[in-house]
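Undergrad: Build out the structure end to end from the sequences listed, making use of the hints.
4 protein chains.
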Amino acid sequence: MIIVLKPDASNEQIDHLIKRIESEGLKTNVSRGAYRTIIGLIGDETKIPVNTLQSIPGVAQVVPILPPYKLASLEAQPEPSVVDVAGVKIGGGYLAMIAGPCAVESAERMDEIAASVRQAGANILRGGAYKPRTSPYSYQGMGKEGLKILRETGDKHGMPVVTEVTDPRCVELVAEYADMLQVGARNMQNFVLLTEVGQARKPVLLKRGMSATIEDLLMSAEYILSQGNLNVVLCERGVKGFDPATRNLFDVAAVPSCKQRSHLPIIVDPSHATGKPALIPPCALAGVAAGADGVHIEVHNCPEKAVSDGPQALLPEQYAEVAEQIRELAKLLGKKISVLSGEPV
Amino acid sequence: MIIVLKPDASNEQIDHLIKRIESEGLKTNVSRGAYRTIIGLIGDETKIPVNTLQSIPGVAQVVPILPPYKLASLEAQPEPSVVDVAGVKIGGGYLAMIAGPCAVESAERMDEIAASVRQAGANILRGGAYKPRTSPYSYQGMGKEGLKILRETGDKHGMPVVTEVTDPRCVELVAEYADMLQVGARNMQNFVLLTEVGQARKPVLLKRGMSATIEDLLMSAEYILSQGNLNVVLCERGVKGFDPATRNLFDVAAVPSCKQRSHLPIIVDPSHATGKPALIPPCALAGVAAGADGVHIEVHNCPEKAVSDGPQALLPEQYAEVAEQIRELAKLLGKKISVLSGEPV
Amino acid sequence: MIIVLKPDASNEQIDHLIKRIESEGLKTNVSRGAYRTIIGLIGDETKIPVNTLQSIPGVAQVVPILPPYKLASLEAQPEPSVVDVAGVKIGGGYLAMIAGPCAVESAERMDEIAASVRQAGANILRGGAYKPRTSPYSYQGMGKEGLKILRETGDKHGMPVVTEVTDPRCVELVAEYADMLQVGARNMQNFVLLTEVGQARKPVLLKRGMSATIEDLLMSAEYILSQGNLNVVLCERGVKGFDPATRNLFDVAAVPSCKQRSHLPIIVDPSHATGKPALIPPCALAGVAAGADGVHIEVHNCPEKAVSDGPQALLPEQYAEVAEQIRELAKLLGKKISVLSGEPV
Amino acid sequence: MIIVLKPDASNEQIDHLIKRIESEGLKTNVSRGAYRTIIGLIGDETKIPVNTLQSIPGVAQVVPILPPYKLASLEAQPEPSVVDVAGVKIGGGYLAMIAGPCAVESAERMDEIAASVRQAGANILRGGAYKPRTSPYSYQGMGKEGLKILRETGDKHGMPVVTEVTDPRCVELVAEYADMLQVGARNMQNFVLLTEVGQARKPVLLKRGMSATIEDLLMSAEYILSQGNLNVVLCERGVKGFDPATRNLFDVAAVPSCKQRSHLPIIVDPSHATGKPALIPPCALAGVAAGADGVHIEVHNCPEKAVSDGPQALLPEQYAEVAEQIRELAKLLGKKISVLSGEPV
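Line by line, the protein sequences give chains A, B, C and D. Per this note's numbering, the first sequence starts with residue 1, numbered consecutively. Per this note's numbering, the second sequence starts with residue 1001, numbered consecutively. Per this note's numbering, the third sequence starts with residue 2001, numbered consecutively. Per this note's numbering, the fourth sequence starts with residue 3001, numbered consecutively.
One thing to keep in mind: the hints can contain errors.
Example chain A residues on the side facing chain B (calculated, C-beta under 7 Å, incomplete) [to be verified]: (1) His-16; (2) Ile-56; (3) Pro-68; (4) Thr-134; (5) Asp-167; (6) Arg-186; (7) Phe-191; (8) Met-210; (9) Ser-211; (10) Thr-213; (11) Met-219; (12) Glu-222; (13) Lys-240; (14) Pro-303; (15) Pro-311.
Simulated from the structure, these hints should not be mistaken for laboratory data. Note that the coordinates shown come from a computational prediction; the quantities given were computed from them, not determined experimentally. Built from N, CA and C at the ideal position, the CB exists for glycine as well.
TA: Here you go:
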């Protein structure tokens, strides 16, 4: 940590500051420049929060040197993590192909979609049972019944399943049915929920919030990791932007940015990122080219009848086409894709 | 709702669409232009979600006419709501003066700060017992013990108290101690929590999320209202911006924007909006001048020792100064400020 | 300037860096921390650009201490500048009231509007002769003819006039007719134009670009100042935001933010900032309450017939109402407003 | 165009509006819904600007149906444009490889870099002679001398050259020396400059502004096209974002978004988009995977000595590596790359 003092900081203020820092067992290095005095902290700088230092009279600016996340950092683990979702690997050279409808709507619909995406090459099935909806009047999901359908469909087709959990009181229940728990973008800083999924013993798919920086995302991952759950997969799904051309702004640079800082796998979700079917395939490929460890795409066989987010889903045949392109690109990049056991039903 | 068709929409597609709409009991008005065909929906357009219409082949664009919120709208209630927090009125010409530390730290500290802000003219006391913190390693609040201290301090100084609730499992507990429940910016779209506070019988202070539009904010209010809790106060506290000059970007136009659409009171929080003490007073005055129904300011008597967000707090004497300016401005604007009973302790 | 080295920076890299810095005549202070080595620069740090330092192997981060603007800074001039526009003062306690149509349309229309805004209390008349329009098919302004009309109207009503210049080749011409040159938001970083207006001997109204930080704005002002033209007035007119509720996002905190860093006056333009007549008066008052040195409002007596930006103009009677409120607020805040000589025509 | 009326619009207002529209030779289709009346315009809707309609009393909302750009639209030309830069094709299946230093610094440096990028596979050489710099105290470019060096270097190595023009008075001069004129992001809405380059007879590389929507970008292209210069190549180079993790926010979805609307080629510039060498190769590949028609990368053989933007440049060996990856990806996607005549020097 480096502390830059105000030009008019008094000697009393500087002395008070140094004493304060040293009282925490840290050492200081004081550099008196032509215009400003600068104090460097030597030792475990987490002992004094940045905010506290900023409140001390005479301080102009505090510059942290170390990232605030620890377990998520490359310093903690230089080699990439590989997260195993009931046999399907994500990260460390393995590319996940996650697909399925926005919401679980019925056993029959789920079965049809699962059959088509497995046939097309998906290796993890998604489907929402608890839907966080902007409007209280919108469809809110099938709840426990949806979880059962998702589990049965996954079992029938030999696919691990991932589904969103929105309520800390439901984490245990969802973990009973699902192979991977999704924390949605709107809940990325729902720290109560993060703490609960951190105590679950299932991998977590953590989606980036719409106004979250990469550092915010890694701090939210740290909440989960610090509870002992090390199986966290990050997901870039678009941030808030100013251009109505797309639903969100797909920040593809987040993929290499995260990899520069963290060992955690990161996948992309071009469905939510763009909100427009025509843009999903090019953005899926862009994500893989940028180094993503997986692609999450919403697929529905009758978007017009989807209860939620129909217009951003691909049709099964569109998914099959982009899945083929993703496989070719993955091959070029030397990535592997976990193969499911059993034949497609 | 208006549906704009693609230039190449076929007659079959148009017929299918019209049948689909009419099957929901709605009527249509078809206008064939030189370049595009347009269909107007006549009747209760909430029967078909925008998303569904957008998924139907041939549809280019769907333009909603009515706002998606109902109870929060001026159509539902043209005159401004007045929310009563244990005798202190907010809205309809009443300006609330909310002040206190970011976090409840100890009974003694709380007592000192309460005494100073009441003396300065605050009429609601704030203090966090459950703190949503970006880092799992930061101070997370005193919990129930903090609630008790806040309650006792409020009682001693004759001030209603407001505190944040972050966990749906704690809503009942917090409502036992507090006169007003705060839902923080990071939880603005935590719909599980919104539903719970909607069932509580205490007023709610709903802070705008960092990437929430005015419509998103009103939709979140609608969650609470639709559960039967009509005592919702909105709060503008800054949205995500690109300029590191301020912590957030204080969207002062949100105040008149909300008032153009909703009867709900809206207050401003210049502490979180700016994150810089020097900017808090001018932004507090700006908010009041723009028509805000209250001002929420963090005050701490020793920011250097604050366990959370010290640097954005005003000192008691700074608060007293801006409170005096707010009162003068309120007078000029014809606003009233509820007077607490009893003398300052 | 502080240079933070990478954790794995070699001794050779550190030595190379130190030699490089010292070769520019600067001294260094090296602090070897537990995790990182930090080098402080002592001396005139403008001798080595931040970018250059960042390119040197082993360097992780470069933290500038001094602001990159000089003439615009409070260090250069601690007391507020007062800019005189043909007798009307802006800044240093003086509030400017700038009003008029978006574009000069005809002598008659200009005369009507000038009469009404002068009557309402405006002391500077605006009107565009050269319009920067998003579309090549939109009205582009009357050009020189418009300048003449503006000048004659100003003279008739005894009001100084301000108008936009968009072309470096027209600066001299515009300066012949206008008392103040406006540089629009889209040209805030048109450095060729800034250099030209810096050489003109007329005050400049510099509008903040839609994605400009406060620092960017002050750097653009620095371009003008560094050419010898010290009469620069800044203008906050909204930045790009994500919410379609308003045309732009009015960053009212920019007013005190600029005042914390610069002596230059800053005014607000709620017309462009909000783009909605109903939001203009509350945002105008918010700007003044935040400390602005003037208010710029577009006024048109028949918005339906305006050739440009009609819907964001106030009607003359609406302007008269908000002007009265601004005067009352200015009085409360102890601000003065330059009085024009002569009687309204 | 569709006009939505206010709920309380009077019959007089509706009649006035209809007459106004019909007076322009347009027809109307009036639909009276349960809640709102809607008027559709039939005919050439460019006859009445959106703004004018929005100013007419009783009007709530105006929804344009047709895009405001014409020549740039797919309606004007459904097949992709191929722009020819002195023999190097861009668009329509051809991928451009543009590389070179930020600024032309000396003949020797330019020669070294040109040799290395040509060897690595670049087919267009870039280099700035006029630099738009945020600070008036930064290096502003070599001017005409730089143009000469660039031209000579291009000729020696058999590479077409592209360079930025910032001043409308210099367009002719720059067009004498360069094969392609670049309009930078900060000048994307410098309409005076756009008009000048529209009259030049050289291809134009138009960079997207930092707060420009896709529609804004296409409107700026329209300025150039409408002057008769049809050889416009768009460039995505990152928009303003809130995360300091990258210099700008690389909007890779802009590539397919533009292709959905326009026949103009679009390339990506990951150097400016990310500002970090480590992120340039993954983002370059992402752009190509998303369908970009070219990649623009800054290369410098001694970033530490670069006079401008050194830290975001790749070293020649880094460029060679990513160029090889781009070629492999282009092959997979079926893209061609124009081959320069002659052997690398």
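Undergrad: Next step is simple, just say for each hint if it's right about the structure.
TA: Comparing the hints with the structure gives:
no.	hint	result
1	His-16	violated (9 Å)
2	Ile-56	holds (5 Å)
3	Pro-68	holds (6 Å)
4	Thr-134	holds (5 Å)
5	Asp-167	holds (4 Å)
6	Arg-186	holds (4 Å)
7	Phe-191	holds (5 Å)
8	Met-210	holds (4 Å)
9	Ser-211	holds (4 Å)
10	Thr-213	violated (9 Å)
11	Met-219	holds (5 Å)
12	Glu-222	holds (6 Å)
13	Lys-240	holds (4 Å)
14	Pro-303	holds (4 Å)
15	Pro-311	holds (4 Å)
The structure does not agree with the numbered hints 1, 10 stated previously, though it agrees with the rest.
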